[in-house]
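A.B. asks: Protein chains in written order, with my numbering: chain Y, 1 to 467; chain P, 1 to 1049.
Please keep in mind that the hints were generated in silico from the structure rather than gathered at the bench. The beta carbon of each residue, even a glycine, is placed where N, CA and C say it ideally should be. Fair warning: there could be bad hints in the mix.
[Claimed, not checked] Below, a list of computed lysine to aspartate or glutamate pairs in the DMTMM-like style, where the Cα atoms sit at most 25 Å apart: (1) P:Lys72 x Y:Asp47; (2) Y:Lys301 x P:Glu982; (3) Y:Lys429 x P:Glu982; (4) P:Lys976 x Y:Glu423; (5) P:Lys108 x Y:Glu28; (6) Y:Lys435 x P:Glu673; (7) P:Lys976 x Y:Asp252; (8) Y:Lys435 x P:Asp1013; (9) P:Lys981 x Y:Glu425; (10) P:Lys976 x Y:Glu401; (11) Y:Lys451 x P:Glu982; (12) Y:Lys435 x P:Asp988; (13) P:Lys73 x Y:Glu461; (14) Y:Lys30 x Y:Glu401; (15) P:Lys72 x Y:Glu58; (16) P:Lys1018 x Y:Glu405; (17) Y:Lys429 x P:Glu974; (18) P:Lys981 x Y:Glu58; (19) P:Lys976 x Y:Glu443; (20) P:Lys532 x P:Asp510; (21) Y:Lys395 x Y:Glu425; (22) P:Lys73 x Y:Glu405; (23) Y:Lys427 x P:Glu791; (24) Y:Lys95 x Y:Asp119.
[To be verified] Pair by pair, the computed Cβ-Cβ distance ranges are: (25) Y:Gln402 x P:Thr784: 57 to 65 Å; (26) P:Ala485 x Y:Asp376: 35 to 43 Å; (27) P:Ile75 x Y:Gly413: 25 to 33 Å; (28) P:Asp525 x Y:Tyr302: 34 to 42 Å; (29) Y:Arg370 x P:Arg984: 45 to 53 Å; (30) P:Ala985 x Y:Arg370: 48 to 56 Å; (31) P:Ala485 x Y:Arg370: 49 to 57 Å; (32) Y:Ser329 x P:Glu502: 18 to 26 Å.
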Amino acid sequence: MLLKRICWVSSIVLLASFAAQAAPNVEEGKNLFIANCAACHNKNMKDNLTGPALAGVEERWAAYPRTDLYKWVRFSQNMVTEGHPRAVELWAQWKPTLMNNFPGLTDDQIESVLLYINDVANKKPTTPAPGTDTAGTGGGSGSGTNMWVFAGLALILALLAFALMRIIDNLSNITRVQAGEAPVNRTLLQVLTTKGAVAFLVFAVTLIFGYKTVDNATRMGRQQNYQPEQPIAFSHQLHAGANKIDCQYCHDSARRSKHSLIPGTNTCMNCHSAVKKGTKSGTSEITKIFASIGFDPITNKYIPDYDNWTDKQIEDLYKQWIGQEYIASNSLPAMNDAGRSIVQDQWEGIVKALKNDSNGKIQGPIEWVRIHNLADHAYFNHAQHVAVGQVACQKCHGPVEQMEEVYQYSTLGMGWCINCHRETEVKFKDNDYYKQFERYHQELKDGKRDKVTVADVGGLECQKCHY
Amino acid sequence: MINMHHDNGIWVSTEDLNREESFLQSAEKEFSVENMAETDGQWAASRRDFLKLMGFGLGAATLAASCEIPVKKAIPYVTKPDSIVPGVANYFASSFVNGSDYCSILVKTREGRPIKIEGNSLSSITAGGTSARAQAMVLSLYDTRRIQSAGTVENGAVSKLSWQDLDNKVKGQLQLGGNIRLITNTIISPTAKKALAEFTAKYPNTRVVSYDPVSSAALLAANEQCFGIRGIPSYKFGEADVILSFDADFLGTWVSPIEFARAYASKRKIKSVQGATMSRHYQVESHVSLSGSNADTRIQIKPSEMGAAICALHNEVAALTGGSSISGPALSDKAKAALKKAAADLVTARGKSLVVCGSNNVMEQVIVNKINDLLGNINTTIDFSVLNNTRQGDERDMARLIGEMNAGQVALAIVWGANPAYELPNADKFKEAFAKVNTRISFSGVMDETTALCSHAAPAHHQLEAWGDAEPKTGHYSLIQPTIAPLFDTRQAEHSLLEWAESANLNRDDEQPYYQYLKSHWANDLRAMQSKYNTGAAFWDMSLHDGVFENPAGPRTVAFNSGVSLNSAGVTQPASGAVEISFYETVNIGNGQYAHNPWLQEMPDPVNRTVWGNYLCVPIEWDGNKKMNGWMNLNDGDNVEVEVNGKKLTCTVVRTFGQAPGTVSIALGGGRESGGCGVGYGVNVNPWLPMEGGMIQYFAKAAKVEATGTVDKHFACVQHHHTMGLAATDAKGNTINADEQVLAYQGSLTDRSVIFQANLKELPKLAEKLAEFHQHSDHLNTQTLYQDNVEYFAAGVKWGMYVDLNSCIGCGACQVACVSENNVPVVGKKEVARHHEMTWLRIDRYFYGDLENPKVVYQPMMCQHCDNAPCENVCPVNATNHSMEGLNQMAYNRCIGTRYCANNCPYKVRRFNWLDYTTADTWPANEERLFRVDGADVPFYADNLVRMVMNPDVTVRSRGVIEKCSFCIQRIQEGKLTAKKENRAILDNDVRSACQTACPTGAIVFGNLNNPDSAVNKAAAGVGDLAYQVLEEINVRPGVKYSAKIHNS
């Protein structure tokens, strides 16, 4: 009977894990979504972003032919002007935000995207909110499977315990009967309220709560997977991934300072004085850079007294630029309502991104949301790791070149640091600084030691990081 | 000479000598529990407190409930300057100039804010040394009480005017044509003088009136008489074999102390035991100055006997050199005999000796000049080819000005840098006369006593915000450059002058007009003096980079004017009977100029070890039996009423060894009335200073002292805090270990070894004794259960320090540097009185020799980074532990505050954060209110402006944790990283501790003990057995070595 149950439970577990990766087009849908939709639609499919959350999109369009949905994706604004009821409803809800046109997407591709949307919408979120750290990275589905196994095991053990208790009851009844006493038949409630059971319950609850308390206290202030919305939809995937710009081109002080440094707007301008429109975002994001530093994209000149410009001046200039580009890219004879709405929309984006709370100015630095917040009492030096240790950025920051929007990859907890220091080998022979560790050199030579780790040269000592 | 038996002959105080119960108790307690619950009536909870606590409670509850992490922003530059890499410090060469003080400095800035002062080794004057005053200047930049805009002054407050309005008003007044007077300290800036010249040209009725906070007028006048030069020559202490100083504190405050200290110490260092030589130093004085405490022989005289002593020395020297004698006033036989011996030494070292005098009596200075002439020191150790320009003021000019002002002849006065309403003895008369001036303008950056009397404030930049230059010695030019944009709406003083002079040379359209003005002066006028750089731009860039441009004049010989007659009637005539009082300048507060700097206020006076105020030093007398008592049986902290010239003040007593019998003394600079956090500490003794021939005398012949029966309950003297290693005698007369006696068991060792000292003549004997001691210690230390950990430390670097007690003069620059580097909080007088001072590095003062006129040893004491550290193995949470680099590490976030480590530390160098000193306590009763923000007084570090001075590489500690010297771990890590990045071995210069870089005499050497060629190893090896570890015999294996103190008497 027991064996049968185990088989039953494990087959459920297996089935569940297969189900997660069923349809063949999801992968394509994901790629298409990231390339085309992710700029406006939330990747978790549940929350609104610039555009609405896409979960349940098929149900919302179920009353109309499937082709209407395809058409909406390709030429949404046309459907609004044509007066399609669902389109008008959406426009009323979301105006003045316009959905970009995607005339290039095939029906199959749109189906793939829809599959991906459903897939994500029906799954648990993979990027938990700050403070809800998960073990390891990106292990959403894995931990789900484990849960099933544990639940199954717990059930089996509970049944086993119950069965044992019945056996004990029966056995004691047999002795009672043999001794001439009447057998006692305890109800389930009676069994569960025995001293032993209650004590076990109290013990278990204490243990679980204690574990959870310590575990949560340790994680307090940590924010692995923290992925805040940034003022500019800057894509590391595009810059570091597709365009293969070296990390240290922008984060240039990583090799010389303790800070890796978020680049100043002037660094952006090294390229963006030429690249004035984004492949995906058009004018909406890059214009923010211009507005920060005071670059006139129409004349290709920096504005000399930009500090003294009024908001109105700035608004006029960049609205003109956005409008001009809209007309050019859509080959329009003159500005239309949709264009005006886009201009207004993008201008508001600029204001939102740049307006400084303290001085109320639009021009000036871009206030990025800081993702990696190391505790104040921990000293970390990028130069030590990047220039001396030659640790790849990805080792701590994860596959940034694949991140559309950056999130915190590592825990940044002390245990995580320590583990790496224990394992990482020091560039011992290549750096003359380490010549002074004569004993280690001798041991390496004699074969008594196969490597020198950071821990061996004092990398676990308190005052390497805390002073 | 009175000598009591005391092991090593070393003692710290009367209580120590007398083995008083109170002392033993005090030594027992690392932290005083007296006044612990004392609240000064501030305890009663106010509405604010209630709201604060409620707010805190709610806040804590909310925090605990949600644990939301606040969103933090990362804000990059728009256009990142090439020179700034966030996280990497930039250094700018500049100068510290204040009144008579000068130091060439490097300003360390982080992300555009100055945080630390270092010495500039390119200057031949200061050669990389600094003073406590220079170190502390960075804090005064971030003073919340600075004047924040130009305006009119009403009731001690500035009501804002725009600079243009002010300029119009002032120009209107200037153009009326009345007499204009500028009241300044000595101006040593060539470009400022040029600006002044333009101003004077525009308004010919202008006259500049200069005086110095502490006058050298007599010296200048005497030099003019004797050599035809009204100037101060270069004194070459580094070439003098015998030095005699009449009350000139040349190591602490007199003329150019950083320069003198370095030169002096170079002749005092013991380089090897065999054939060791050092200069001999006599000091003739009544109170114990920093120089006097370092002297080989102190000759005690009463202040009024100065003239007699100078005449006596003159006659002795004249007798030996064939000069004619003069008839001077009578002097005690004891002093006479001592001076006779000194004269013999001086004559033996003819041409290589030096007599200096701090007196402000012209005839006395003339006779001293004659003595130097007789000794052949003129043109050798006294060099007139390069003059020291830092003191050119003359208070007689001020007297004239007061007359003019009283007569209504002055229409407009500008006060620049000076504070006559406080500094002058006749400040009352000055105030009265000053009120008669129609327009009174102050350039002062703070609302000091004089500015409060002005009609207009035109606040100048702080020096770290300003451009400028200095010529401290002729031909030695030094630049001042801004290291931060002005924090407030202030303006360069020179700019104001040029603006008001409507100068055509000031380009008002420029962002920094005075910068262009200064640059053009350098690029044109100064460039012409050299030939290395052809263009003005190249010369300017070089000078700005180096901070100094030195073009000393060629040799110039002078001769003593034979026409000068020595008239002993002109010297001070001894008074009889009455108690005399002398007034002196301390190394930290000056004549009050630095009273508003908390770092300097909390730096103990080197000699009497008091903080936050000035105290009346009274002599200590031997009762003829076995006890040392304070004069009049006064005790430390007793309040007395002192009457001088009919003016009474209540002072607090500190008993001082070496104070001449029949005299008392008190420092200048206390009792400031306005301008900053120094208000309310000490008493203002300037009104007591008598004038003699128009010159300020720094002593009074009669003082009446009466006990009041009250005590200063916050008497703050750090001498008895954190004591260690004291020997004493028990009731049976046996030598015992005081610590052991009062603390019960602490190491079971009796012969403690903290200080070793000897006469130069007995040097080989001391070396022998120390060799035996080392051997004995070795023997003891090998009887250990601990395994030898030599191999553990052999790999890589092992850090260590060597402190040469013979070079250490006790000036305290290292202590302030440490405070500045390591974010050490200021705790205020009340907290210091409770033993709560937080300084990581203290300078212990020990006495030895004659009980009534002892010699002094200064010992910088910081964490010794013991390899067998007693603190480490008592920590229950392993918050303090050892690194393989030999560092005793302290992890603040692990510390739970048991203080076991502090109890177990034999050196008493661990400090506990009793209160939240760095972030302001929730309860106002706890901390002294030192700063003022938005009209409310707040504790130190509690406002964002002062916090800008903090070193971002050092954690700010919170309440309840222990902290201590880390050997500047942040500098170590930075230095190692530099070496690693450059792929090379680590060098001595990569890592220099803050105390090391601050030291003007090179007494502190830090480095890698594993490298046999490192400076620290070489320095310690040089003195052989003279190098010892404090408490070497207790097997804690400290990482710091000291050298024995040698005197040459």
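A.B. asks: Would you mind marking each hint as holding or not holding in the structure?
C.D. replies: Verification of the supplied hints:
A threshold of 25 Å between alpha carbons decides the hint, and for lysine 72 of chain P with aspartate 47 of chain Y the separation of about 23 Å falls inside it, so the pair holds. For the proposed pair lysine 301 of chain Y and glutamate 982 of chain P, the alpha carbon gap of about 40 Å is over 25 Å, so the pair is violated. For the hint linking lysine 429 of chain Y to glutamate 982 of chain P, the alpha-carbon distance of about 14 Å falls within 25 Å, and the restraint holds. This hinted pair checks out: lysine 976 of chain P and glutamate 423 of chain Y have alpha carbons roughly 22 Å apart, not beyond 25 Å.
For the proposed pair lysine 108 of chain P and glutamate 28 of chain Y, the alpha carbon gap of about 56 Å is over 25 Å, so the pair is violated. With a C-alpha separation of about 61 Å, the suggested pair lysine 435 of chain Y and glutamate 673 of chain P falls outside the 25 Å cut-off, and the hint is violated. With a C-alpha separation of about 21 Å, the suggested pair lysine 976 of chain P and aspartate 252 of chain Y falls inside the 25 Å cut-off, and the hint holds. For the proposed pair lysine 435 of chain Y and aspartate 1013 of chain P, the alpha carbon gap of about 16 Å is at most 25 Å, so the pair holds.
Proposed proximity of lysine 981 of chain P and glutamate 425 of chain Y is supported: the alpha carbons are some 17 Å apart, at most 25 Å. For a cut-off of 25 Å, the pair hint linking lysine 976 of chain P to glutamate 401 of chain Y is broken: about 32 Å separates their Cα positions. The hinted pair formed by lysine 451 of chain Y and glutamate 982 of chain P meets the criterion: a straight-line CA distance of about 23 Å does not exceed 25 Å. About 16 Å separates the Cα atoms of lysine 435 of chain Y and aspartate 988 of chain P, which keeps this hinted pair within 25 Å; it holds.
With a CA separation close to 31 Å, the supplied pair lysine 73 of chain P and glutamate 461 of chain Y exceeds the 25 Å bound. At most 25 Å may separate the alpha-carbon atoms for a hinted pair to count; lysine 30 of chain Y and glutamate 401 of chain Y meet this at roughly 17 Å. Our distance criterion of 25 Å between C-alpha atoms is broken by lysine 72 of chain P and glutamate 58 of chain Y, whose separation comes to about 39 Å. For the suggested pair lysine 1018 of chain P and glutamate 405 of chain Y, the alpha carbons sit about 57 Å apart, so the restraint of at most 25 Å is broken.
Between lysine 429 of chain Y and glutamate 974 of chain P, the direct Cα distance comes to roughly 21 Å. Compliance with the 25 Å bound is thereby established for this hinted pair. The suggested pairing of lysine 981 of chain P with glutamate 58 of chain Y is violated, with an alpha-carbon distance near 58 Å, which exceeds 25 Å. Between lysine 976 of chain P and glutamate 443 of chain Y, the direct Cα distance comes to roughly 23 Å. Compliance with the 25 Å bound is thereby established for this hinted pair. With a C-alpha separation of about 29 Å, the suggested pair lysine 532 of chain P and aspartate 510 of chain P falls outside the 25 Å cut-off, and the hint is violated.
Taking the CA atoms of lysine 395 of chain Y and glutamate 425 of chain Y, the gap is about 14 Å. The hint holds against a cut of 25 Å. Of the supplied pair hints, the one linking lysine 73 of chain P and glutamate 405 of chain Y holds, its CA atoms being roughly 16 Å apart against a limit of 25 Å. Between the alpha carbons of lysine 427 of chain Y and glutamate 791 of chain P the distance comes to roughly 23 Å, so the proposed pair stays at or under 25 Å and holds. At most 25 Å may separate the alpha-carbon atoms for a hinted pair to count; lysine 95 of chain Y and aspartate 119 of chain Y exceed this at roughly 28 Å.
Evaluation of the 57 to 65 Å hint for glutamine 402 of chain Y and threonine 784 of chain P yields a pass: the beta carbon distance comes to about 58 Å. Between alanine 485 of chain P and aspartate 376 of chain Y the beta carbons are some 27 Å apart, a value that contradicts the proposed interval 35 to 43 Å. For isoleucine 75 of chain P paired with glycine 413 of chain Y, a C-beta distance near 26 Å keeps the hint of 25 to 33 Å intact. Aspartate 525 of chain P and tyrosine 302 of chain Y have their C-beta atoms about 38 Å apart, which keeps the hinted 34 to 42 Å range intact.
Against the hinted window of 45 to 53 Å, the Cβ-Cβ separation of arginine 370 of chain Y and arginine 984 of chain P comes to about 35 Å, which falls outside the hint. In this structure the supplied range 48 to 56 Å is violated for alanine 985 of chain P paired with arginine 370 of chain Y, their Cβ-Cβ distance being about 37 Å. Distance hint check: the CB atoms of alanine 485 of chain P and arginine 370 of chain Y are about 25 Å apart, inconsistent with the given range 49 to 57 Å. Distance hint for serine 329 of chain Y and glutamate 502 of chain P: a CB-CB separation of about 59 Å, inconsistent with the stated range 18 to 26 Å.
Hint violations for this structure: numbers 2, 5, 6, 10, 13, 15, 16, 18, 20, 24, 26, 29, 30, 31 and 32, all remaining hints satisfied.
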